[in-house]
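Asker: The lines below spell out each chain.
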Amino acid sequence: MTPSSLLPRLKIHCEAIDKTFIQKGHVEVPVIKDINLDVAENEFLVVLGPGQCGKSTLLRIIAGLETPDAGYVLLDGQPVTGPGPDRGLVFQGYMLFAWRTVLGNVEMGLKLRNVPRRERHAVARRYIKLVGLEGFEKYYPHQLSGGMKQRTGIARAYANSPDVMLLDEPFGQLDAQTRMFMQHETIRIWEQEKRTVVFVTNNIDEALFLADRVILMEGKLPGRIKKEYVVDLPRPRDHGHPDLLRLREAISEEIALVL
Amino acid sequence: MQAYKEVVVKTPLPLRILPYLSVAVFLLIWELAVRTGMIPSVLLAPPSQVFSLFIDKLTQPNPDGAVLAVHAWTSLQEALIGYGLSLLVGIPLGLAMGWFRVVEGLARPIFELIRPIPPIAWIPLTVFWFGIGLAGKVFIIWIAGIVPCVINSYVGVRMTQPTLIQMARTYGANDWQIFCGLCVPSALPMVFGALQIALAYCWTNLVGAELLAANTGLGYLITMGGRLARPDIVVLGMVSVGVSGAVLGFIIDCIEKRLLAGIRR
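Chains as they are written, first to last, in numbering that gives the first Met the number 0: chain D, 0 to 258; chain V, 0 to 264.
Warning: the hint list may mix true and false statements.
[To be verified] DSS-like mimics (lysine-lysine), calculated; alpha carbons at most 25 Å apart, straight line:
{"id": "1", "chain 1": "V", "residue 1": "Lys256", "chain 2": "V", "residue 2": "Lys9"}
{"id": "2", "chain 1": "D", "residue 1": "Lys137", "chain 2": "D", "residue 2": "Lys110"}
{"id": "3", "chain 1": "D", "residue 1": "Lys110", "chain 2": "D", "residue 2": "Lys193"}
{"id": "4", "chain 1": "V", "residue 1": "Lys4", "chain 2": "D", "residue 2": "Lys137"}
{"id": "5", "chain 1": "V", "residue 1": "Lys256", "chain 2": "D", "residue 2": "Lys137"}
{"id": "6", "chain 1": "D", "residue 1": "Lys32", "chain 2": "D", "residue 2": "Lys226"}
The set of hints was computed from the structure by calculation and includes no laboratory data.
Pulled out of the complex, with its shape left as it was, chain D reads as follows (with noise of 0.2 Å):
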């Protein structure tokens, strides 16, 4: 089963996108060429890749905080042009204020949007029950652990009602245990409220047990996609599943050939 077997509703799609960056001034750096990638709605597209890759770049790409050299993004068939709240981002590094509550972070997006108090309270208590942090709305980022600040980073890009998540590596700074038991959350979040979700990691196990379709990037600059895998496996997924076992060591292999 390929998404277009499905004919699902094209959401995101990347153009032979070329991106390159200028160090110091002068030195020009290729991050990533030639990207061509669609997403269907409510695809949950995992970008895979070791660091360095610029499956950031092309996350941020999608966001509108970067604007490509060449190519272009669609979103619903409209350009992307700069940020906007049809697309929650959820950073590495939290990126909570820290000097508001949890319920003050994840209503962000809706003060911004002049919602009355109110109804955005609603909607930020809402969300804050379903990442799981129900009594903690006025705790502050620095009283949470990074498991909780990261939940808190998700129900705030939950409350603004985007259609695309966009995650970067949002578990990159947690312990082993707390990563995978985040993963599990993930799914149980995203199988409550589905959205077209594209998660940037570098851990093929994260990778396998979250997406219904694996990118995988060439290990050097610039970035291109290697290779693409289809997930096709009921979750919550075993991670010790024959099949999950067998894709792990095709894309081992893959990943030792880019390397």
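Given the structure of chain D, go ahead and fit chain V onto it with the hints provided.
Answerer: Coordinates of chain V only, in the frame set by chain D:
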């Protein structure tokens, strides 16, 4: 999540008495140095003499024309008005310079030119413009205090995490919302740092400001002591400036801690 038990860790007693010991030994050596004639008493007054002058000056206006409280009050007034005005102007200016490129482009070159000029170099112009009253001294102190206010606020805004700014943009925040809601709060610790530094600048330039023909004030007391060749008056003036400056610093520190309690990191 469970609340943690609060434990008070006490500094060991010998460490706690060290500051007092240090002051006591310092005063003792000073006293002995003058008493034994190592330093002639026309050049330096011993602490005991300064202390008895302090007691006298609480009630005696002579020989410099006012009791100590009047001197202290005059200085405090000048310093606090100048300090307050420098906060009022410097902090918003610095914050705006950090975020709005137009403000930075307009204000920064002028600021950079004025910054290296020592505040007391303004004294002659100040006399032309304001005469010798309160306004002139306030102006000098204002010039002294505004520099750290602008710099710290500017740097504070500049140090805002760029990813946080991008994050706010993805939520649709405009420039003004990012400035007020993100840059200013994240600059606050630096701004509070400026409160202390500016106070120190203001207070140290007080004596300079009172070199203007003044007739009261702690700086004036020091100058008068010099003219009358009375080292005890000079030292009393200096100690008064030191002690009241330290007290002011302590008060600002307390206020700062109060305000910062809301934005713990």
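Asker: Against this structure, judge whether each hint is valid.
Answerer: Evaluation of the provided hints:
Proximity of Lys256 (chain V) to Lys9 (chain V) is assessed by CA-CA distance (about 20 Å); at most 25 Å being required, the pair is judged to hold. Between Lys137 (chain D) and Lys110 (chain D), the direct Cα distance comes to roughly 17 Å. Compliance with the 25 Å bound is thereby established for this hinted pair. Restraint check: the Cα-Cα separation between Lys110 (chain D) and Lys193 (chain D) comes to about 24 Å, which is no more than 25 Å; the hinted pair holds. For the proposed pair Lys4 (chain V) and Lys137 (chain D), the alpha carbon gap of about 20 Å is at most 25 Å, so the pair holds.
For the hint pairing Lys256 (chain V) with Lys137 (chain D), the CA-to-CA distance comes to about 21 Å; that is within 25 Å, so the pair holds. For a cut-off of 25 Å, the pair hint linking Lys32 (chain D) to Lys226 (chain D) stands: about 14 Å separates their Cα positions.
In this structure, every one of the numbered hints holds.
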